[in-house]
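Q: Please model the complete structure; the sequences and the hints are all you need to start from.
4 protein chains.
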Amino acid sequence: MILPKVFKMNTLEKLIEKFRQFPGIGPRQASRFAYFLLRQNPAYLKELTSLVSHLKSEVSTCEKCRRFFETPRSASRLFCSICSSKNRDGAKLMIVAKDIDLEAIEKTGGYHGNYFVLGESLPILEKNPEQKIAIKALFQRIENGKEIKEIILALNLNPEGEHTADFLTQELNGQLASRELKISRLGRGLSTGTELEYADKDTLNSALQNRF
Amino acid sequence: MILPKVFKMNTLEKLIEKFRQFPGIGPRQASRFAYFLLRQNPAYLKELTSLVSHLKSEVSTCEKCRRFFETPRSASRLFCSICSSKNRDGAKLMIVAKDIDLEAIEKTGGYHGNYFVLGESLPILEKNPEQKIAIKALFQRIENGKEIKEIILALNLNPEGEHTADFLTQELNGQLASRELKISRLGRGLSTGTELEYADKDTLNSALQNRF
Amino acid sequence: MILPKVFKMNTLEKLIEKFRQFPGIGPRQASRFAYFLLRQNPAYLKELTSLVSHLKSEVSTCEKCRRFFETPRSASRLFCSICSSKNRDGAKLMIVAKDIDLEAIEKTGGYHGNYFVLGESLPILEKNPEQKIAIKALFQRIENGKEIKEIILALNLNPEGEHTADFLTQELNGQLASRELKISRLGRGLSTGTELEYADKDTLNSALQNRF
Amino acid sequence: MILPKVFKMNTLEKLIEKFRQFPGIGPRQASRFAYFLLRQNPAYLKELTSLVSHLKSEVSTCEKCRRFFETPRSASRLFCSICSSKNRDGAKLMIVAKDIDLEAIEKTGGYHGNYFVLGESLPILEKNPEQKIAIKALFQRIENGKEIKEIILALNLNPEGEHTADFLTQELNGQLASRELKISRLGRGLSTGTELEYADKDTLNSALQNRF
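Residue numbers (the working numbering), protein chains in the order written: chain A, 1 to 212; chain B, 1 to 212; chain C, 1 to 212; chain D, 1 to 212.
Bear in mind the hints are in silico, worked out from the structure with no lab data behind them. Among the hints, erroneous ones may be present.
Restraint-style ranges between C-beta atoms, simulated for each label pair [said to hold, decoys possible]:
id, chain 1, residue 1, chain 2, residue 2, range
1, D, Glu130, A, Thr192, 25 to 31 Å
2, C, Arg28, A, Tyr35, 43 to 49 Å
3, A, Thr192, D, Ser57, 39 to 45 Å
Capping the alpha-carbon separation at 27 Å, the derived lysine-lysine pairs in DSS-like fashion look like this [said to hold, decoys possible]:
id, chain 1, residue 1, chain 2, residue 2
4, C, Lys18, D, Lys201
5, A, Lys98, B, Lys14
6, C, Lys14, D, Lys18
7, B, Lys146, A, Lys46
8, B, Lys182, B, Lys146
9, C, Lys46, C, Lys56
C-beta atoms are modelled at their ideal positions from N, C-alpha and C, and glycine is treated no differently.
A: Next comes the structure, spelled out in structure tokens:
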């Protein structure tokens, strides 16, 4: 029996409501997800809920780089595979906004240093940067990492990413003045697909300087 | 400890895999969903899994129109609110492809007949139409509905929708020749936003005929 | 010799400037047009300028419907081919915004009445409608057309088009109250390609009413 | 009088036909251009045709770099303002596909060498490269330019542009083996707006190498 809506939202409506909170999902796609699940067999649904239930206990945050990783079985290790590897170059620390950015860099196979994941970019008008990005944990990480010589700011080349890089540069220069740290950013130039007539001045100037 | 991938996909990867099966979701957005869930508090995750778990038991398929509806508490009723309403015009049966189409029509407030939900549109080269759409259940529904005078084919005006309408018209004419049934389709004309210079010939011709 | 730009814009720059005034053309495409012309042979350019030069003298505005048409050689005819045809149904007058809309309707082959071209749609906040659209000429046309029984407002189904239709309905009702004129609009419904779940309420309601 | 179309296309139709040959212009926009011109006053049309008529005589192709420039008044100079300037660095020759690419580079203010305009990029399956791009004139230019030390291939980072760069590299290496010429390409990296998670491997690798 469908109770009047003033009294109670039904399961379907509540689920649609939940899906609407997923990143980039509007009401229409949220509905489609719910109807999609209705058409799946019980095994699929059981597997899905089991994965979601165990997600938090089976995935941990690395205490060194703050990326997500499969929770270790042995309590003695709290670091992710990169942070606990002996084949990484401890002199380089690359700061990224999100796990997905770290994954993109790893896929290139061209970087062998360590990482630190901020969790987010810094919104341009953010009043409490410390609450938005893991700045304190970052300083702790750098302080403990005596071997670090270069910090690479690998942020998106959009306003928010550039704001984050500027903010971090200022903070790092202020608080780590005593240490000799090189702070670098990812190089600019033509990206795959770029057509010169549509490229902006900064991109072209970098492309001229970085010609090879 | 992360086991080698040849042995075991981890929870995060399996969840991303599941989200990739959601309609319209590619690998990138599937990843984003997983990372989004990782950042939610346990209460959110518990609520989500609980809703998914109870979805099938709390949502039933109406035995008359085949739409999804909140499972009735009393076992005596198996029909959805529309099919069990006494205020609907039993002489009209509108055939739609999906629940979402039924919802769109209901929102207009301009239709007071009954519905039948096919579940899908019929792909143009489908060899087993009976397995794809609920054609047998439809004939049963019409046979039982002695009061039905008009069948309205409310299908999308795209190739698949038109194919479905053509197929149903043929089947209905063949099998229900003995009954006097009017088979109609939704009217064509200018849709909100249509500009004449971009409108196709069929649309303009219908708009001319249906002028008001 | 290139004179300093403060003194004189050169031919290329002036031409780009002209192309920027073409409908829908930005600075980049305007440049591309100019460079395109530079690469054409002299015969192409000569033909182009000749066509533009003769455009106004070789194309006239029909005194009856105000559409553009090839200037008649004999001074005795001032009407376009449609307005001077004896095979059109003089009882119907369709009002369109632009020549291009008239062409779209003619291509359907389903309309055999006459036309009147307003020249533009009426912007929603327009203060002097008479200066924007040919409203006086329209009333003259209707007054002279004693055989007219129906006026069909064939305007775009967007806010500007609907505003134009509302404005004309009001004006026609006001000034032609003494004559029995039916004022109609193009029918609404599903356009080719419409999917029900994306259709708005008005469109669906019309589609329900105009079902066939 | 409109003659039957089998005999004669009218001025309007011919003009629309001409506009359809403009780069990126389809039949609909070509019509719009023609109707736009019909609504302009005679002064506008006269100015437009005058500019087009004088385009070829008032714009020349620079004999050195092959870019278009305002035809010099004195017959003694045949070079554009860049090629005749004494403030450019003759040791650098940048090869671009089109004038518009040269303009984009000039706007950066960061390049002070000379240019050579190919006219086009080289289509990937082009059988007669010499007919498509000004390869002979390029070799002549380099041969005459004894001061040239570096040739910069500034081509789009799309398949056609990369193919053109590869082709030129091969040709230049083959025919100019005797001279010590550095052949370089524009640097790759993050372009303004790039988000790391969407960047391809090559772009990220270059961005890592070119970090600053």
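Q: Hint by hint, note whether the structure agrees.
A: Checked hints:
{"no.": "1", "hint": "D:Glu130 <-> A:Thr192: 25 to 31 Å", "result": "29 Å, holds"}
{"no.": "2", "hint": "C:Arg28 <-> A:Tyr35: 43 to 49 Å", "result": "44 Å, holds"}
{"no.": "3", "hint": "A:Thr192 <-> D:Ser57: 39 to 45 Å", "result": "42 Å, holds"}
{"no.": "4", "hint": "C:Lys18 <-> D:Lys201", "result": "43 Å, violated"}
{"no.": "5", "hint": "A:Lys98 <-> B:Lys14", "result": "20 Å, holds"}
{"no.": "6", "hint": "C:Lys14 <-> D:Lys18", "result": "21 Å, holds"}
{"no.": "7", "hint": "B:Lys146 <-> A:Lys46", "result": "42 Å, violated"}
{"no.": "8", "hint": "B:Lys182 <-> B:Lys146", "result": "13 Å, holds"}
{"no.": "9", "hint": "C:Lys46 <-> C:Lys56", "result": "17 Å, holds"}
Going through the hint list in order, the structure does not satisfy hints 4, 7.
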